[in-house]
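The listed protein sequences correspond, in order, to chains A and B.
Just so you know, the working numbering puts 157 at position 157 of the first sequence, and the rest follows in order with no gaps.
Just so you know, the working numbering puts 76 at position 76 of the second sequence, and the rest follows in order with no gaps.
Worth flagging that the hints you see were computed from the coordinates, not collected in a lab.
You may find that some hints are simply not true.
Because identical chains share one entry, a pair is satisfied inside a single copy or across any pair of copies.
Unchecked claim - Here are the simulated DMTMM-like cross-link-like pairs (lysine to aspartate or glutamate), alpha carbons at most 20 Å apart as the crow flies:
(1) K79 with E20
(2) K120 with E161
(3) K225 with E190
(4) K241 with E55
All of these numbers come straight from a predicted model, not from anything done at the bench.
One letter stands for each residue in the lines below.
Number of protein chains: 2
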Amino acid sequence: MVGIIFDMDGVLYRGNKPIEGARELVELLKSSGVPFLFLTNNSTKTPRMYREKLERMGIDVSEERIVTSGLATRLYMEKHFPPGEIFVIGGEGLVEEMERLGWGVVGVDEARSGRWRDVKYVVVGLDPGLTYEKLKYGTLAIRNGAKFIGTNPDTTFPGEEGIYPGAGSILAALKAATDVEPMIIGKPNEPMFEIVKDKIGEEELWMVGDRLDTDIAFAKRFGMKAVMVLTGVHSLDDVEKIGIKPDLVLPSVKELIEYLKVRGVIE
Amino acid sequence: MVGIIFDMDGVLYRGNKPIEGARELVELLKSSGVPFLFLTNNSTKTPRMYREKLERMGIDVSEERIVTSGLATRLYMEKHFPPGEIFVIGGEGLVEEMERLGWGVVGVDEARSGRWRDVKYVVVGLDPGLTYEKLKYGTLAIRNGAKFIGTNPDTTFPGEEGIYPGAGSILAALKAATDVEPMIIGKPNEPMFEIVKDKIGEEELWMVGDRLDTDIAFAKRFGMKAVMVLTGVHSLDDVEKIGIKPDLVLPSVKELIEYLKVRGVIE
């Protein structure tokens, strides 16, 4: 059967407004029993926070259908790495995921008292509470041999006043200070694909997204059907400019409903 | 006449302890009327703070003989750029230098109220008070067309607990978030040479330093005589490894006294 992965912002909603067709599509997928997931590189919020956000827009999905890069980081670490204490540079959502690992999270106060020496993992996402001290203890721990993990590579993201620095920008600072390349979990990287594949369990996967460099590149890289919608960041002109080619381009998720019906995926 | 430029840490002192011969050398240079300057890529302190630090170690020099990358940044901006408001990401020393320009410094509170739109220069050094918000307004201003200036390229520096992230690490974060390359003032770059040359006024310059990648590279790049001392970071083994060759290697500034006497520079 076909499993479908949806990027969220620019695909299902923009800011706090649902995109036309998103609600209907989700209900049809559920009633037809089509496996699907919502995926975001954002690590500052947890799946629960996203479920609540979607609910406020009338889109009703369970937490289990939502994969953030913070959740993917937790699942990937659980699957591949031995337990060890974690120093987090990231938002509330990432701290919560790391605490759920039960391996121990070393806070800045503890790091200050010398506990940075015990840190085995430095896990970094976008951190609205970033300070020099956090960069310092991250640097000391990585230089001391801690594994350096990034939730997602995005150097920027659109904010209220313009383009803001993202997780990838904080990773760049730590890379410069340590000369160590982080392992990065989020789209378009392999760890995120592995986690999504584990979760959805289907052989044939479709990825629906608005960004060529993350969503569409991610789909092409791992043999998923790459479906681009034009309700987000990139336009058809960008396909030529950026040179990453989707398998299918649709105006929005509304037209995806028709396409899924024609293909017999939903009724 | 010969003019001599000295790096400070690892050459004249280590931490808070003067290196043997430093005091005597400075007195001899003064009494012989040899033009000399002390130079540092550190922008968190002002020349006045360095004068006080040197004084506590018994080394007596006037503020005018001390060039920090913060001072060099101010002098370079004064010489080459039209006035415009500045957003500073840096320590106390850099803020003080930028305020002395008299062009106006936009603080974080003002930036928050929308004044980042008026910023013409984003000037970045090591900032022990770095926050995400500072990175954010720096990014917004640079993306809005403000000139992006770095005091020095050093990605790390030795701190009490180990190797700490330096100005170059903060620059890397902003570079990632803006896709703009900063103009960097400090060693081994040209703006620092121009400022030092303006200040010392001599044709024949010697540069005395401990680091091959900054001091010695700086000397070689701009035709200064490159004098390496072995009281700091790098050893003779590093000369082979790093592949930057000084013109002269001395155990310490103590032996430099003898050398200067033989060469007839001092009596």
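### Task
Tell me, please, which holds for K241 and E55 at an alpha-carbon limit of 20 Å: within, between, both or neither?
neither (36 Å within a copy, 60 Å between copies)
### Task
Could you figure out if K120 and E161 sit no more than 20 Å apart (CA to CA) within one copy, between two copies, both or neither?
This pair counts as between: shortest inter-copy Cα distance 17 Å, intra-copy 37 Å.
### Message
I want to check one pair: K79 and E20. Are their C-alpha atoms no more than 20 Å apart within a copy, between two copies, both, or neither?
### Response
neither (38 Å within a copy, 57 Å between copies)
### Task
At 20 Å max between alpha carbons, let me know whether K225 reaches E190 within a copy, between copies, both or neither.
within (16 Å within a copy, 51 Å between copies)
Taken one by one, the earlier hints fail for this structure at numbers 1 and 4, listed in ascending order.
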